[in-house]
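Colleague: Please build the complete structure, drawing on both the sequences and the hints.
Residue numbers (this note's numbering): 1420 to 1602.
Everything labelled a hint here was simulated from the structure, so no lab data went into it. A few of these clues could be false.
No more than 27 Å apart at the CA atoms, straight line, and that leaves these computed lysine-lysine pairs for BS3-like [stated by the list, open to error]:
#1 Lys-1447 <-> Lys-1493
#2 Lys-1510 <-> Lys-1576
#3 Lys-1529 <-> Lys-1539
#4 Lys-1510 <-> Lys-1493
#5 Lys-1447 <-> Lys-1510
#6 Lys-1447 <-> Lys-1576
#7 Lys-1510 <-> Lys-1539
What follows is a set of in silico ranges between Cβ atoms, one per label pair, in the way DEER data are often shown [stated by the list, open to error]:
#8 Val-1449 <-> Asn-1559: 28 to 34 Å
#9 Leu-1446 <-> Asn-1547: 20 to 26 Å
#10 Lys-1510 <-> Lys-1539: 27 to 33 Å
As the structure is a prediction and not an experimental result, all values here were calculated from the model. We put the CB at the ideal spot given by N, CA and C, even for glycine.
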Amino acid sequence: MENNRLVIEANALNVHLTFVPRPPLALKLVLITLCMLAIVLPMVLLAYSKEREQGLIFLGALVFYGVIYLMLGKYTLWNLLGEERLIVSTKAVNYQHHFGFFNAPWKAEKFDNIFVIFNKTQEINKQNYGRIGFVAEDENGIPFYLYSTSINICEEKANEAINTINELFRQEQLTKFGVIHEN
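Modeller: Given below as structure tokens:
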């Protein structure tokens, strides 16, 4: 969590945020070891089984592979190669999870009014860590979470991203209404 990275890129229309998880080396080694065991273990069972049991073991191994790769494989790819990508405009928050070799589809959350906040999740060595949250209002004016990032980052980097997003909205207001001049 302390090493998680946030890349902020802004232009006149959007703010691009890329969150990159950087788990500890021990977690990476454990995940890789579990994935290797998931590959090797069913093959060993199949090799040492009796001929009449091989069909049942093969079917069980097939189900086992499916479950392991849907859960453990995706989690391993996320921690080794993953990114969370956000494109924030003045009308929508678009997000995508990248798993190294494949991408989840882009999803868009549209809004009329939005507040961007920092949600503190924990404190390590007197440094606050948390997630960036996007809060919108429904038609009755009741706030709800539109989207919250999945990767914890330090508060300073989150505030930098929030300030960049707020600047995007200020620029839109200046473009729409112009600058007020004193005469």
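Colleague: A separate judgement is required for each hint: does it hold in the structure or not?
Modeller: For each hint, the structure was consulted:
1. In summary, the hint linking Lys-1447 to Lys-1493 is supported, as the alpha carbons are separated by about 13 Å, within the 27 Å threshold.
2. Distance restraint check for Lys-1510 and Lys-1576: the Cα-Cα separation of roughly 23 Å lies within the 27 Å cut-off, and the hinted pair is therefore satisfied.
3. Distance check on the hinted pair: Lys-1529 and Lys-1539 sit about 25 Å apart at the alpha-carbon level, within 27 Å; holds.
4. Proposed proximity of Lys-1510 and Lys-1493 is contradicted: the alpha carbons are some 31 Å apart, above 27 Å.
5. Of the pairs offered as hints, the one joining Lys-1447 and Lys-1510 is violated, with about 38 Å between alpha carbons and a cut-off of 27 Å exceeded.
6. The suggested pairing of Lys-1447 with Lys-1576 holds, with an alpha-carbon distance near 25 Å, which does not exceed 27 Å.
7. Straight-line distance between C-alpha atoms of Lys-1510 and Lys-1539 comes to about 26 Å, which keeps the hinted pair within the 27 Å bound.
8. A C-beta distance of roughly 47 Å is found between Val-1449 and Asn-1559, which places it outside the suggested range of 28 to 34 Å.
9. Taking 20 to 26 Å as the suggested C-beta distance range, the pair Leu-1446 and Asn-1547 conforms, at roughly 22 Å.
10. The hinted range of 27 to 33 Å is satisfied by Lys-1510 and Lys-1539, whose Cβ atoms lie roughly 28 Å apart.
In terms of the numbered hints stated before, the structure departs from hints 4, 5 and 8, listed from lowest to highest.
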